[in-house]
Amino acid sequence: ETGVTQTPRHLVMGMTNKKSLKCEQHLGHNAMYWYKQSAKKPLELMFVYSLEERVENNSVPSRFSPECPNSSHLFLHLHTLQPEDSALYLCASSQAWDRRFVGYTFGSGTRLTVV
Amino acid sequence: RKEVEQDPGPFNVPEGATVAFNCTYSNSASQSFFWYRQDCRKEPKLLMSVYSSGNEDGRFTAQLNRASQYISLLIRDSKLSDSATYLCVVRGGSYIPTFGRGTSLIVHP
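Those protein sequence lines, which keep their order, are chains A and B. Position in the first sequence counted from 1, then plus 15, gives you the numbering used here. Position in the second sequence counted from 1, then plus 194, gives you the numbering used here.
Since the hints were made in silico from the structure, they are not lab data. Watch out, some of these pointers could steer you wrong.
Below, simulated DSS-like cross-link-like pairs (lysine-lysine); rule was C-alpha separation at most 25 Å, straight line [what the hints assert, rightly or not]:
hint, chain 1, residue 1, chain 2, residue 2
1, A, Lys-56, A, Lys-37
2, B, Lys-236, B, Lys-273
3, B, Lys-273, A, Lys-37
4, B, Lys-236, A, Lys-55
5, A, Lys-56, B, Lys-239
6, A, Lys-34, B, Lys-236
7, A, Lys-51, B, Lys-196
8, B, Lys-196, A, Lys-56
9, A, Lys-56, B, Lys-236
10, B, Lys-196, A, Lys-37
11, B, Lys-239, B, Lys-196
12, B, Lys-239, B, Lys-273
13, A, Lys-51, A, Lys-33
14, A, Lys-51, B, Lys-273
15, B, Lys-196, A, Lys-55
16, A, Lys-37, A, Lys-51
17, A, Lys-51, A, Lys-34
18, B, Lys-239, A, Lys-37
19, A, Lys-51, B, Lys-239
Generate coordinates for the entire structure from the input sequences, incorporating the hints supplied.
Structural data, given as C-alpha cells:
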C-alpha cells in the first residue's frame, strides 16, 4: 500500500462506546496529524506528532486521546463522545513539521457519526 | 477579522472560462502558503505551494501579495474536472497551519 491509509472509513457509535481510529503512512514521513472537518467549517487541527512526540494539542477535549507508537502509525481513541463530535476525521502526514514543511498528504478520512 | 478568509462561492463558470480566487490572511508573519483541492466527500489534496515570486503549473497560477496579505489562484481554460472546493492554507512562524473554509467551484458544460 502507498500513501496514507485510514480505517475504518465509516463509524457509527453511541455516546457510551469506546472506539479507535487508525492511520498508517507508507511515505517515510516524520510528522503525523489528526484533523477534524465539520460541515461548513474549516479544517481544525487536533494533534500533531513529530518523530512520535506530541508537539501540538490544540485544546482538544480529553474524550479524544491520540497515540503514536511509531512514526508510521497514529491512533485516535474515542470515548464518551457527543453528537457534536460527528464529523470527518482526517489523518495527514508530512516530511517535517517545522520550517521544512512542504505540504500534507491526507488519508481518505473516517466519517464518524455519534448517536 | 478571521485568520484566513475565503469567499465560499460557489463560483459557477462555463468550460473554458478563466476564474480566480483570493484568500486573505491576517497574520503578517505568515511564512508559507498552499492551495489544496477537495472533491466532494474526499480528502484534500495538495494542488500547489505558493511562492513569493508567483508560480505556475499548467493551467494553474498562484500568486502571493504580502503587502495586501492575500494569495490568489487563477485557473485558465476551466475543465469540468476542475469542479471542487479549493482550500487555502497559511502557516505562520509557530508552524500551526490555518485552513480557510474553502471556495466552491462548479464548471458547467
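We went through each hint and held it up to the structure:
1. Lys-56/A to Lys-37/A: holds, 23 Å
2. Lys-236/B to Lys-273/B: The given pair, whose Cα atoms are some 19 Å apart, holds under the 25 Å limit.
3. Lys-273/B to Lys-37/A: violated, 36 Å
4. Lys-236/B to Lys-55/A: OK: Lys-236/B and Lys-55/A at ~15 Å, within 25 Å.
5. Lys-56/A to Lys-239/B: holds, 18 Å
6. Lys-34/A to Lys-236/B: Within the cut-off at roughly 22 Å; holds.
7. Lys-51/A to Lys-196/B: holds, 18 Å
8. Lys-196/B to Lys-56/A: With Cα atoms ~12 Å apart, Lys-196/B and Lys-56/A stay inside 25 Å; holds.
9. Lys-56/A to Lys-236/B: holds, 15 Å
10. Lys-196/B to Lys-37/A: Cα-Cα ~32 Å, so violated.
11. Lys-239/B to Lys-196/B: Distance ~23 Å between Lys-239/B and Lys-196/B Cα, so the pair holds.
12. Lys-239/B to Lys-273/B: Between Lys-239/B and Lys-273/B the Cα gap is close to 18 Å, so the pair holds against 25 Å.
13. Lys-51/A to Lys-33/A: Between Lys-51/A and Lys-33/A the Cα gap is close to 18 Å, so the pair holds against 25 Å.
14. Lys-51/A to Lys-273/B: violated, 30 Å
15. Lys-196/B to Lys-55/A: Holds. Lys-196/B to Lys-55/A sits at ~15 Å (cutoff 25 Å).
16. Lys-37/A to Lys-51/A: Cα-Cα ~14 Å, so holds.
17. Lys-51/A to Lys-34/A: Roughly 16 Å separates the two Cα atoms, so the pair holds.
18. Lys-239/B to Lys-37/A: holds, 20 Å
19. Lys-51/A to Lys-239/B: Judged against 25 Å, a Cα distance of about 16 Å means the pair holds.
The structure does not agree with the numbered hints 3, 10, 14 stated previously, though it agrees with the rest.
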